[in-house]
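So the sequences go chain by chain: G and A. With this note's numbering applied, the first sequence has no gaps in its numbers, which climb one by one up to 394 at the end. With this note's numbering applied, the second sequence has no gaps in its numbers, which climb one by one up to 641 at the end.
If you are wondering where the hints come from, they were derived from the structure by calculation, not from laboratory data. Any given hint could be a false lead.
Straight-line distance between alpha carbons at most 25 Å, and here's what the computed BS3-like set of lysine-lysine pairs gives [stated by the list, open to error]: (1) A/523 x A/562; (2) A/453 x A/624; (3) A/620 x A/453; (4) A/616 x G/114; (5) G/266 x G/73; (6) G/145 x G/70; (7) A/569 x G/110; (8) A/533 x G/110; (9) A/616 x A/453; (10) G/73 x G/145; (11) A/562 x A/616; (12) A/624 x A/492; (13) A/488 x G/114; (14) A/523 x G/110; (15) G/144 x G/373.
Short derived list, chain G residues pointing at chain A, Cβ under 8 Å [what the hints assert, rightly or not]: (16) 28; (17) 30; (18) 40; (19) 106; (20) 140; (21) 172; (22) 179; (23) 180; (24) 182; (25) 225; (26) 329; (27) 331; (28) 338; (29) 339; (30) 344; (31) 346.
Fair warning: this is a prediction, and the values are worked out from it, not measured in the lab. The C-beta atom is built at its ideal place from N, Cα and C for all residues, glycine as well.
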Amino acid sequence: MGYLGLLAFLGAFVLAALGSTYYMEHNGHWVTGMNNQIVWGMPHVFAVFLIVAASGALNVASISSVFNQKIYKPLAPLSTLLALSLLIGGLMILVLDLGRPDRLIVAMTKYNFKSIFAWNMILYNGFFVIVGVYAWFMLDHTMKKYSRYAGFAAFIWRLALTTGTGSIFGFLVARPGYDMAMMAPMFIIMSFSFGLAIYLLVLMASYNWTQRPLGDVVVNRLRKLLGVFVAAVLYFVIVYHLTNLYATEHHGFEAFMLLGDNGGSKYSSIFWVGQILLGSLIPLAMIYAPGVANCRKTLATACVLIIIGGLAQMYTIIIGGQAYPMEIFPGMEVLETTFADGATTIYSASLPEILLGLGGIAMSLIVVALGIKVLGFLPQSLDDATVDPHHKAD
Amino acid sequence: MIEKTINFSRRIFVEKTATAVAGLSIAPGVFLNQVAQAKPADQAVTSDVRWGMLIDTNKCATGCTACVSACNEENGIQSHNRPATDQVWIRKVKLRDKQTGHVTSLPMMCQHCEHPPCVDVCPTGASMKREDGIVLVDKHICIGCRYCMMACPYKARSFAHETVTDPKEYAPRGKGTVEACTLCVHRVDEGGTPACVEACNAAEHGAMIFGDLKDPNSEISKELEKHGGKQIRADLNLNTGVRYQGI
Chain G
1 MGYLGLLAFL GAFVLAALGS TYYMEHNGHW VTGMNNQIVW GMPHVFAVFL IVAASGALNV
61 ASISSVFNQK IYKPLAPLST LLALSLLIGG LMILVLDLGR PDRLIVAMTK YNFKSIFAWN
121 MILYNGFFVI VGVYAWFMLD HTMKKYSRYA GFAAFIWRLA LTTGTGSIFG FLVARPGYDM
181 AMMAPMFIIM SFSFGLAIYL LVLMASYNWT QRPLGDVVVN RLRKLLGVFV AAVLYFVIVY
241 HLTNLYATEH HGFEAFMLLG DNGGSKYSSI FWVGQILLGS LIPLAMIYAP GVANCRKTLA
301 TACVLIIIGG LAQMYTIIIG GQAYPMEIFP GMEVLETTFA DGATTIYSAS LPEILLGLGG
361 IAMSLIVVAL GIKVLGFLPQ SLDDATVDPH HKAD
Chain A
395 MIEKTINFSR RIFVEKTATA VAGLSIAPGV FLNQVAQAKP ADQAVTSDVR WGMLIDTNKC
455 ATGCTACVSA CNEENGIQSH NRPATDQVWI RKVKLRDKQT GHVTSLPMMC QHCEHPPCVD
515 VCPTGASMKR EDGIVLVDKH ICIGCRYCMM ACPYKARSFA HETVTDPKEY APRGKGTVEA
575 CTLCVHRVDE GGTPACVEAC NAAEHGAMIF GDLKDPNSEI SKELEKHGGK QIRADLNLNT
635 GVRYQGI
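Sequences and hints are given; from them, build the entire structure.
Structure (structure tokens):
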């Protein structure tokens with residue numbers, strides 16, 4: 001598949017997403033899998049995943065500028081391009097899933113400063129500006145001397161951005177699955193992992209397709225870093241559930257999510273199989289197993305599994321957190337209701353919702369493909385000698 | 395449990411003022427009623443009043459849905475025979491205490507909190523609380539993000555999943571925005587009571603009392619002072635405007 005073929009392939013997904021949006025907005029959201037109990041569905045799973053990953057895609061640039069690691073410097077521009085493109089894809093989904101996407105201008109001009117959502121609008125817009133300037137400074141030789149400062153600002157901003165995204169859930173006091181300040185740091189570490197997995201895939205794919213040399217030194221460094229991030233996400237997930245398991249009031253939610261009680265078997269399966277096994281344990285084994293150090297296919301598979309695990313994690317957090325019944329009447333059993341009080345909600349994503357999500361991913365990749373083609377985001381060579389002249393083969 | 399958080403300094407002030415005025419007035423009851431209720435259309439809503447509701451669950455009849463029907467009729471809410479996505483402003487819930495086995499029936503709707511989580515999270519300020527305590531959605535600036543529905547501890551809000559046909563001019567609604575009980579603000583502003591309360595009285599249950607929580611002489615305040623009233627999820631400290639007896 002040539003370059004234009006790739007763009008056409010991705011463009012088809014974007015068109016499908018736009019068609020889905022028209023279908024959902026024209027008929028109203030009743031045609032989706034969402035309802036009055038599950039108000040954020042599959043589009044939010046994709047959107048929040050991409051927004052979190054956008055911040056994480058900036059890892060490599062942050063390491064080069066903030067922590068002054070020379071080996072990463074040639075890799076940094078791609079990092080900023082990927083960060084911007086993932087955010088574009090995520091926000092595209094989020095906006096198109098609004099009840100009134102035509103009122104985007106209202107969201108941009110009217111702010112309730114107590115709302116973490118309103119702060120996020122500012123954080124997203126600021127991210128585009130700061131990371132855009134950062135990319136410009138890195139690519140423009142006359143401005144390069146300032147790139148370190150821009151990189152530092154971008155580093156602080158991306159931490160704030162992911163804190164804001166995690167806090168959307170952390171600040172929801174009424175729902176047992178949320179209401180935890182730990183959501184903010186957990187989302188930050190999730191961003192490190194998901195963003196780096198996507199970065200590595202794009203890096204390897206683009207060097208492969210453009211037949212440029214990519215040495216093992218830099219790939220192996222990123223591989224080891226990825227392993228640390230995956231393990232860190234797992235640690236945060238364990239602490240999150242241990243905290244809930246300690247508090248009696250959250251036992252119901254934990255039985256729901258971990259054991260599948262109370263109609264939660266779908267969510268517990270996605271948690272154990274998708275998030276823990278496929279998304280954490282198998283990638284860790286693939287990253288650290290002896291003898292696979294230089295195997296690109298193993299690493300690429302691990303990255304794909306981390307992305308699948310990340311989507312599974314978003315699904316359990318976003319959908320699972322809503323599906324578990326809210327404790328409106330503590331100590332009471334609901335005998336009759338017309339509004340699903342006390343009942344677990346089963347959510348099944350509709351095709352338009354999935355197409356909208358995939359369209360967001362396709363949009364991100366189109367921006368990456370255009371950026372790589374038009375601007376100098378990719379160095380001609382990243383072979384071992386170019387990256388690190390003092391490197392000696394193992 | 396009688397809630398202590400209703401503005402007591404103002405209550406004492408109103409009480410003392412009212413007593414002084416009552417001594418000078420020939421018809422003190424009428425005068426006090428005017429202070430609490432009257433609001434000419436050109437006059438801004440003030441925090442001199444706080445509208446609330448008291449529901450006696452012992453009087454709320456199991457199986458009776460007069461309040462629900464009246465609300466739907468009043469506000470033009472139509473079912474599309476899709477319960478999962480139909481709008482619900484008020485619903486009847488039947489509960490059993492897991493410890494004692496006591497069965498309770500009650501209507502559940504927006505609790506018109508003093509500190510509403512929906513207002514806190516709304517990015518555009520479409521979710522708002524009036525000075526008189528009524529929590530509303532400004533349909534003109536609601537972008538349909540549904541964050542308020544995530545935040546409401548009472549599941550009091552619904553998303554307009556379908557095209558709204560034939561909305562009432564006093565209760566604007568629209569596809570793609572979020573809506574909830576308005577405490578029949580259009581009636582309240584003209585000195586009336588919400589449709590659900592009227593229907594409950596018409597059905598001779600008398601389980602719902604509407605009134606000004608800040609007026610010590612209002613029926614609701616007297617009843618709350620005498621017999622108390624509980625908040626649902628009082629642990630969240632939202633100081634709800636809707637209180638319940640018998641739960």
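So, going through the hints one by one against the coordinates:
1. A/523 x A/562: holds, 22 Å
2. A/453 x A/624: With a Cα-Cα distance of about 15 Å, the restraint between residue 453 of chain A and residue 624 of chain A holds, given a limit of 25 Å.
3. A/620 x A/453: With a Cα-Cα distance of about 17 Å, the restraint between residue 620 of chain A and residue 453 of chain A holds, given a limit of 25 Å.
4. A/616 x G/114: violated, 35 Å
5. G/266 x G/73: Violated: residue 266 of chain G and residue 73 of chain G sit about 44 Å apart, past 25 Å.
6. G/145 x G/70: Holds, because 14 Å separates the two Cα atoms, which is no more than 25 Å.
7. A/569 x G/110: Measuring from Cα to Cα gives roughly 21 Å; hence the hint holds.
8. A/533 x G/110: Holds: residue 533 of chain A and residue 110 of chain G sit about 14 Å apart, inside 25 Å.
9. A/616 x A/453: holds, 18 Å
10. G/73 x G/145: Given pair residue 73 of chain G, residue 145 of chain G holds - Cα atoms ~13 Å apart, limit 25 Å.
11. A/562 x A/616: Judged against 25 Å, a Cα distance of about 34 Å means the pair is violated.
12. A/624 x A/492: Holds. Residue 624 of chain A to residue 492 of chain A sits at ~18 Å (cutoff 25 Å).
13. A/488 x G/114: violated, 35 Å
14. A/523 x G/110: Measuring from Cα to Cα gives roughly 17 Å; hence the hint holds.
15. G/144 x G/373: Judged against 25 Å, a Cα distance of about 21 Å means the pair holds.
16. 28: Cβ of residue 28 of chain G sits 4 Å from chain A, so the hint holds.
17. 30: Holds, about 4 Å.
18. 40: This interface hint holds because 7 Å falls under the 8 Å limit.
19. 106: Holds, about 5 Å.
20. 140: violated, 35 Å
21. 172: Holds: closest Cβ of chain A sits about 6 Å from residue 172 of chain G, inside 8 Å.
22. 179: Violated - the Cβ of residue 179 of chain G stays beyond 8 Å from chain A, reaching only about 10 Å at its closest.
23. 180: violated, 15 Å
24. 182: Cβ of residue 182 of chain G sits 18 Å from chain A, so the hint is violated.
25. 225: At about 34 Å, which exceeds the 8 Å cut-off, the nearest Cβ of chain A leaves the hint on residue 225 of chain G violated.
26. 329: holds, 5 Å
27. 331: Given a least distance of 6 Å, the restraint on residue 331 of chain G holds.
28. 338: At about 5 Å, which falls below the 8 Å cut-off, the nearest Cβ of chain A leaves the hint on residue 338 of chain G intact, so it holds.
29. 339: With Cβ-Cβ at 5 Å, under 8 Å, it holds.
30. 344: Constraint on residue 344 of chain G not satisfied, violated at 13 Å.
31. 346: violated, 10 Å
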